[in-house]
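Take these sequences, add in the hints, and give me the full structure.
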Amino acid sequence: MRRIRHTTLFILSSILFLFLLLINLAFGSVHIPFKDIFQIVFMHSSDSTACSIIWKIRLPRILFASLSGAYLSVGGLLLQVFFRNPIVGPYVLGISAGATLMVGIVMLLGISIGLAGIHPFYISLAAAFGAFCVTALLVALSAKVKDIVTLLVIGLMMGYLCYAVTSILITFAAKEKVKGFVLWQMGSFSGVVWKEFYILLFSALFLSILLSIIKKPLNAFLLGEEYAKTMGVNIKLLRNLIVIISSLLAGLVTAFAGPVAFIGIAVPHMARLLFKTSDNGILIPASAILGADVTVLCDLVARLLMSPVELPISAITALFGAPVVIFLLLKRRATI
Amino acid sequence: MRSVLKTEELCVGYGKKEIVSGISQEIIKGQFVSILGPNGSGKTTILKTLAKVIAPLRGRIYINGLLLDRLSSKEVAKNLSVVLTERPSPGLLTAFEFVALGRYPYTDIFGRLTEKDKEKIKEALQLVNAKELSERYFGELSDGERQKLVIARAIAQEPEIIILDEPTIHLDPKNKIELLGILYRLSKKKGVTVLVSLHDIDVASRISDLVLLVKEGRIIDFGPPEKVINQERIAQLYDLKDVHFNSKLYTFELLKNNKRKDIFVIAGAGTGTPLYRTLLRHGFGIVTGIIHENDIDFHVANSMKVEVVSERAFQKIGKNTLKKAFSFIAHAKAVIDSDFPVGSFNRENIDLIHYAIKKEKKAYTLRKKKEAYELYGNLSKKLIYLNDVYSFLEERR
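Residue numbers (the numbering used here), protein chains in the order written: chain A, 1 to 336; chain B, 337 to 733.
Some hints here could point you the wrong way.
Each computed DSS-like pair below joins lysine-lysine, with the alpha-carbon atoms no more than 27 Å apart [to be verified]:
1) B:K454 / A:K276
2) B:K353 / A:K236
3) B:K410 / A:K144
Note that these hints are calculated values from the structure, not bench results.
Next up, the structure:
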């Protein structure tokens, strides 16, 4: 019964994803009919403008957005299980803020330390590093501070701290750099190029291997750290893996799209309630595909709602996410 | 007889703080061992140390003759499983999935269950009588059902030793007994060594092979319950003052007789016990007799500190005993006949009623009129008949 339910849901959410993909390719400031899309994507027929809109702008953006959604959702899921708390996510715990600060340092101080033209690779490296620092600190503290609320507050404070330093950096940075950084900070998938997507895609291969291994100890962790220990889970290794995976997941997305709120909290809850399970073997792929769906949808809304003006992605994800989270939390029967 | 768990000069605690020290004990395969002790005495710390959740401060622990420190956490998990007081809440796992977590040390790196694993899980569910829960969500089950699953998970881990920290806390009597029954069968039928901390001295004394008493950082006794559990030990263990523990019945009595011995209860064969309880609860001072020393009424009365005029087991009531009873009746205000069975050994109890009436004491009886007539003859007209002990309370109010 459950297996049928899960398979059906996986198929449905994949179909939804393909459908959203198509809509996203078709709509925008320039409308491109569906039959042209097929020709352009599959036969590379080069009707100049439509072709370059699809290939240079919409396709990389949409693919990037879907992977980002998957990343943030899976990252949120890992953190929720690890911290045994339903309201954590990369954004809440200050992990995105850590990434933001590092990106700020690279983008705003970049030239002054002699980097000519910032390669996206450096930005992603910086973001992942920033995310890594905050996550590592939180996870290290979690071994000492058993109280989850205290840990959450520490996460929030870390977030404020990072934003404070970031705003000081902004104050002293050159104007033209500030503009780019502020736009980045508002979060958007616009202007994403293939190279950035490839970085995400490549790391996805690496991350899926780690995720398929981490699923087993993560399930044991559902019973709490002490139980996990008595079942033979290597807690130290698991901690380190969680730090590496979740900071990579949050950091890479933040690097190119800026900090994106709510996907990381809301989607794992959606997955749990739709699939009606706490089994991470199901929840990890479920969060990934639902995260892609939701993020692509949000990006579509961000582009079309006030077209031609594009809204920041975090505004839409929060508008969508906050009510969803509240609704789900009120409705749920059981926690993580 | 193989030693499964052995400690040498073990000292447990957190950081620099020693909680319990000087633990040198040995447990052999299939034994059921209870740990008793007041809250905060260090039971949990001992259990967590043995389960390798926390590190010992000093000393050594051997599992099947192997030093615990040398074993990897996976090897430990295959030998020993644990039920902690902390209640797990993996809401949306089914009972089957929950118990399946117990297979952790045996499954491959992706956590896939083989047919053998599934068999073991079903077996564990069966053992705790929870087979029908298999497809239900953990989050929607009752406390008792959840606790069964927690134990099934520990069983699915196929341990030689299972360590449980207060597994019966929060459970109703039915679930408590059922759960301890499961553990008992596990130790006797499957040869699993069970080490459990409990607060129920009565149950622990009944089912344990060995009992470990822990108080204020040290082991005060370790041995079979018949040797270890007695009034003095239990009073010492829990600092009991106004409570009496009866080591033959393994029960506590909170009620205490007050000084005046106004009411003489003539009892025997357990007919006195409910009377003692009710009367003491309502503040009457009582004395009882004549009761043989092998009678349940004797033990209950003793544990309530009720004075008993008694006779040695299986002996006819002697003259001196009878005299003693008379003198108590002479000082009492009333006598109650508890409807005790009369036989050749205790016929003298009938004389007590005669004596009471002669001394113009109020004499109550719980017998039917006809029966009383047969026993006491014409004197039965002077008795006051009671339906139950409560009509006595009404009367005396």
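The hints, checked one at a time:
1. B:K454 / A:K276: It holds: about 22 Å lies between the C-alpha atoms, which stays within 27 Å.
2. B:K353 / A:K236: 24 Å, holds
3. B:K410 / A:K144: 24 Å, holds
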